[in-house]
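Asker: What follows is the residue order along each chain.
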Amino acid sequence: MIYLDNAASAPTRQETIEAMVSVLEENYGNPSGSHSMARKARRAIDDARDILAETLGCRAQEIIYTSGGTEADNLAIFGTHNALGGTVICSATEHHAVLEPTETIGGQIAKVNPDGSLDLNHLADLLNEQTTLVSIGLVNGETGIIQDLETISDLIKELAPNALLHTDAVQGFPWLDIPTATKTADLVSIAAHKFGGPKGIGVLVAKEKAKLAPMQLGGGQEQGIRSGTQDVAGIVGMAAAAQQTSNTRQATIERVTPLRNQLANELTSIKGSYETGVSRNSNGETNRSKKIAGSCHVCFDQIESEALLFLLEQENILASAASSCSSGAQDPSHVLAAMGYNRELAGGSLRLSLGYKTSETDIQKALEVIPKSITKLRKTGS
Amino acid sequence: MKKAEKILVAMSGGVDSSVAAAVLIKEGFDVTGVTMKLWGGSSDTGCCSVSDVIDARRVADQLEIPHHVFNFGDEFDTHVVEPYVEAHAIGETPNPCIECNRHIKFDKLFRRAHALGFDLLATGHHAQIAQETNGLRIKRAEDHAKDQSYVLHMLNQDQLQKLRFPIGTMTKKHVREIANSLSLQTADKADSQDVCFISRTKGGRQLFLQERLEMTSGQVIDTTGTQIAEIDAVEMVTIGQRKGLGVSGETNPHYAIDVNVQQATVTAGSKEDLFCQQTPIANLHWVGEADHGTLHVQTSAHGKTYPARIDQRVIWEEPHMKVAPGQSIVFYKNNTVVGSAIAKKH
Numbered sequence: 004m005i006y007l008d009n010a011a012s013a014p015t016r017q018e019t020i021e022a023m024v025s026v027l028e029e030n031y032g033n034p035s036g037s038h039s040m041a042r043k044a045r046r047a048i049d050d051a052r053d054i055l056a057e058t059l060g061c062r063a064q065e066i067i068y069t070s071g072g073t074e075a076d077n078l079a080i081f082g083t084h085n086a087l088g089g090t091v092i093c094s095a096t097e098h099h100a101v102l103e104p105t106e107t108i109g110g111q112i113a114k115v116n117p118d119g120s121l122d123l124n125h126l127a128d129l130l131n132e133q134t135t136l137v138s139i140g141l142v143n144g145e146t147g148i149i150q151d152l153e154t155i156s157d158l159i160k161e162l163a164p165n166a167l168l169h170t171d172a173v174q175g176f177p178w179l180d181i182p183t184a185t186k187t188a189d190l191v192s193i194a195a196h197k198f199g200g201p202k203g204i205g206v207l208v209a210k211e212k213a214k215l216a217p218m219q220l221g222g223g224q225e226q227g228i229r230s231g232t233q234d235v236a237g238i239v240g241m242a243a244a245a246q247q248t249s250n251t252r253q254a255t256i257e258r259v260t261p262l263r264n265q266l267a268n269e270l271t272s273i274k275g276s277y278e279t280g281v282s283r284n285s286n287g288e289t290n291r292s293k294k295i296a297g298s299c300h301v302c303f304d305q306i307e308s309e310a311l312l313f314l315l316e317q318e319n320i321l322a323s324a325a326s327s328c329s330s331g332a333q334d335p336s337h338v339l340a341a342m343g344y345n346r347e348l349a350g351g352s353l354r355l356s357l358g359y360k361t362s363e364t365d366i367q368k369a370l371e372v373i374p375k376s377i378t379k380l381r382k383t384g385s
Numbered sequence: 016m017k018k019a020e021k022i023l024v025a026m027s028g029g030v031d032s033s034v035a036a037a038v039l040i041k042e043g044f045d046v047t048g049v050t051m052k053l054w055g056g057s058s059d060t061g062c063c064s065v066s067d068v069i070d071a072r073r074v075a076d077q078l079e080i081p082h083h084v085f086n087f088g089d090e091f092d093t094h095v096v097e098p099y100v101e102a103h104a105i106g107e108t109p110n111p112c113i114e115c116n117r118h119i120k121f122d123k124l125f126r127r128a129h130a131l132g133f134d135l136l137a138t139g140h141h142a143q144i145a146q147e148t149n150g151l152r153i154k155r156a157e158d159h160a161k162d163q164s165y166v167l168h169m170l171n172q173d174q175l176q177k178l179r180f181p182i183g184t185m186t187k188k189h190v191r192e193i194a195n196s197l198s199l200q201t202a203d204k205a206d207s208q209d210v211c212f213i214s215r216t217k218g219g220r221q222l223f224l225q226e227r228l229e230m231t232s233g234q235v236i237d238t239t240g241t242q243i244a245e246i247d248a249v250e251m252v253t254i255g256q257r258k259g260l261g262v263s264g265e266t267n268p269h270y271a272i273d274v275n276v277q278q279a280t281v282t283a284g285s286k287e288d289l290f291c292q293q294t295p296i297a298n299l300h301w302v303g304e305a306d307h308g309t310l311h312v313q314t315s316a317h318g319k320t321y322p323a324r325i326d327q328r329v330i331w332e333e334p335h336m337k338v339a340p341g342q343s344i345v346f347y348k349n350n351t352v353v354g355s356a357i358a359k360k361h
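Chains as they are written, first to last, in our numbering: chain A, 4 to 385; chain U, 16 to 361.
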């Protein structure tokens, strides 16, 4: 099986599994309790908090454990809005976990440029003293395009001095040094399963300036912001994955970048193919510096993603197109629509996301199968 | 051993297509299930809701076959929903299930199946494909009460060659027995009845159309042209309709006998006025040779058949209720589809 869907979920790391099994077998106390087993569990989640704080570039007290990226995003937006009121702005290419809460509270949507970067002029038009929160994802889940949070933060400071910056860094964690990349953000969401941790666990970092109203009441865990008994095994597994990811990130980037470049170069040599978020250097080479190393995202004309993905799966290659809806169908991409791609071309998108386990053989096999499948589908006209 | 033929089964999440898949597995086919996501809006139990996708997926799990979901939402909007609304806008009564079969199941999905390397496509329709001397024909299902040949009348030879209706030879009772014997979780699921993209619980057809069409208010007139009532939405009236015309007439009931959106009128008449000797038609199509003898003619999905001859129009042997323009008219001989047409305005 050739797994090129790391942006959906990365393979669980061995370190994660070992850490979790150890907790599940031996550390079953409730971290809110007072006896020795409880204290042991409490110690486990606080040790994990220290590890995560280091990998995220924040203080341990700023970490709020959540059930994943979606909850972290919802908490950032609803929590801030409930605490501060005012207007929330997000970009048109955000994950639905940001877009839907923003739309629900009557927030504003900032446009993006055709290369996927935020339209700063439009953001400037929207920002004012009423703005309390701006939510801009660090890396887009479909295209792998990186946003320049520092410039965005400068603009916010100038035009909306009261506003906080939230970033969904879920797709950024495997590929970017988070302390540097999210330095200017007040709120940061991450999800463990994107970097080899378990599903159902994540973090919202709420830095000093952040003000959050709790979305979930009860026992007052996580400083009263997120009540509910913590998922000790999940948290420990997440910390193990985060540490391993941080330790090996640079080496992974150096190993994966040429594989991704080879994959993207060969796929874009197919007629009628369009790679998102790239530019041309003066020497004619493709510049992918605005994308994470693991992302190869190409649209093919006269192709329907669903049909292409089906053929790839027949050859044991697992990938995706846009985000999947709960039925399992591929929904038309709101990201590509916002970038100005027409619906037909957007319907032929292929997201190949590489990860820490992707090998050269995987890419060779993908390059044998994908062009062949595209030719076949174009011939049959479906 | 001969390599098993690859067959794609359209699984709606209902009992019929579940059993269709089970039967094909037993017959030795290499079976893959697919559910089409057609409609993103609200629906009741129609084929498009997420819970039906889950049912289909769980049955595929039970049968241990692969299951995929294809999103044909754009095509469904273009070929089924929009024409449905447009037809109402000109006072016609369309049949969206037929258009879905024509454009989605037996065109889009049919081509997709071919492109993906499947030899055959199957559905859970109650109908049969019969080999006659002059080609393949659509025949009524074994279970006449459940027969769906009317909505499949448009299938051509190329399609029929690559299609299978595995439960067409079974009664519904037998279908449920098989589902029960295999403990399929759809065994007791109720049959779907209505237009899948219209939610009965959310205002039904009227609200659905009101959200998409500017309704024309108009007059209800009698056969002499005299106004006898007013009506809010001419587009909502169907030929033969009695209720909602704003005309009291318990002793002498009024029926809609004509709908004219352009002139914003609905003509109301007596039951006798509702009957006619001939029905004008368009898009006349014969499966094989034209047949001008007496045929059995059906004008709605689960309607009865009536004897008539076809000669540029339908000539009924006995006076027949007027057919709403836009309705499909299907001609049968010996329970076999021999031709079809679309009803035109009188």
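These aren't lab readings, by the way, just hints derived from the structure by calculation. It should be emphasised that the depicted structure is a prediction, and the values quoted were computed from it without experimental measurement. Quick reminder that beta carbons are idealized off the backbone N, C-alpha and C, glycines included. Take these hints with a grain of salt, some might be off.
As the list claims (entries may be wrong) - Partial selection, computed: residues in chain A whose CB lies under 8 Å from chain U:
#1 D50
#2 A332
#3 Y344
Claimed, not checked - Some residues of chain A that are not near chain U, with every Cβ distance over 10 Å (derived):
#4 E21
#5 R46
#6 E57
#7 H99
#8 Q111
#9 S120
#10 A127
#11 N131
#12 Q226
#13 E307
#14 A310
#15 Q317
#16 G331
#17 Q333
#18 T383
#19 G384
Asker: Taking the hints in turn, state whether each one holds.
Answerer: Evaluation of the provided hints:
Hint status for A:D50: violated, given a least beta-carbon distance of 40 Å to chain U, over 8 Å. Interface restraint check for A:A332: the shortest CB-CB distance to chain U comes to about 4 Å, inside 8 Å, so the restraint holds. With a cut of 8 Å, the hint placing A:Y344 at the interface with chain U is violated, because the nearest CB-to-CB distance is about 15 Å. The beta carbon of A:E21 sits about 31 Å from the closest Cβ of chain U, which is more than 10 Å, so the claim that it is off the interface holds.
Look at A:R46: its CB is around 41 Å from the nearest CB on chain U, clear of 10 Å, so calling it non-interface holds up. Consistency note on A:E57: stated as away from chain U, and its beta-carbon is indeed over 10 Å from all of that chain's, at 41 Å minimum. Against chain U, the non-interface label of A:H99 holds: every CB pair exceeds 10 Å, the least being about 14 Å. Annotated as non-interface, A:Q111 keeps its C-beta farther than 10 Å from every C-beta of chain U; the closest such distance is 24 Å.
Every CB of chain U is more than 10 Å from the CB of A:S120 (nearest about 28 Å), matching its label as outside the interface. Listed as a non-interface residue, A:A127 keeps its Cβ farther than 10 Å from every Cβ of chain U; the least gap is roughly 34 Å. Under the 10 Å C-beta cut-off, the non-interface status given to A:N131 relative to chain U holds; the minimum distance is some 34 Å. Its beta-carbon lying about 37 Å from the closest one in chain U, A:Q226 satisfies the requirement of being farther than 10 Å from that chain.
Not every beta carbon of chain U lies more than 10 Å from that of A:E307, the smallest distance being close to 8 Å; the non-interface claim is violated. Under the 10 Å C-beta cut-off, the non-interface status given to A:A310 relative to chain U is violated; the minimum distance is some 6 Å. Not every Cβ of chain U is farther than 10 Å from the Cβ of A:Q317; the closest lies at roughly 8 Å, contradicting the non-interface assignment. With a least beta-carbon separation of about 4 Å from chain U, A:G331 fails to lie farther than 10 Å from that chain, contradicting its non-interface assignment.
Its beta-carbon lying about 5 Å from the closest one in chain U, A:Q333 breaks the requirement of being farther than 10 Å from that chain. With a least CB separation of 4 Å from chain U, A:T383 falls inside the 10 Å interface cut-off, contrary to its annotation. With a least beta-carbon separation of about 7 Å from chain U, A:G384 fails to lie farther than 10 Å from that chain, contradicting its non-interface assignment.
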